[in-house]
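K.L.:
Using the sequences plus the hints, can you model the full thing?
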Amino acid sequence: QLRLTASVATQGGTRQLEGQGNGLLSAAAHGLSRWINAPFVIKDYHEHTLGERSDSRSVAYIRCLFQDGTSRWGVGIDSDVARASIQALFNAVSRS
16 QLRLTASVAT QGGTRQLEGQ GNGLLSAAAH GLSRWINAPF VIKDYHEHTL
66 GERSDSRSVA YIRCLFQDGT SRWGVGIDSD VARASIQALF NAVSRS
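Numbering (the numbering used here), first residue to last: 16 to 111.
Treat the hints loosely; a few may be bogus.
[What the hints assert, rightly or not] Pairwise CB distance ranges, derived in the manner of DEER restraints:
1) 64 <-> 31: 30 to 36 Å
2) 72 <-> 31: 24 to 30 Å
3) 27 <-> 71: 32 to 38 Å
4) 18 <-> 67: 18 to 24 Å
5) 35 <-> 66: 32 to 38 Å
Since the hints were derived computationally from the structure, they do not count as laboratory data.
The C-beta atom is built at its ideal place from N, Cα and C for all residues, glycine as well.
P.N.:
Next up, the structure:
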């Protein structure tokens, strides 16, 4: 079980995000779900590289399914696939 503690910059300042899960993405999803007080699960996750070189950026796509039955997609792009995944998660949740 991975435990995540992160500082997240918001329009109102900085906030702590805490969650746990079997990996970075599930821990971030758990913490984010608690933060927004809206349970959701990650239903789809896809990633791929945007090039063939070792310094290419990655793109991640995430679909979150909320308790009310709605789902939202988010996309993240970064040179680090973990950061791209976290960006995609936050982008999906911010659309809810």
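K.L.:
Which hints from the list above does the structure break, by number from lowest to highest?
P.N.:
Number 4 - this is the single hint that the structure violates.
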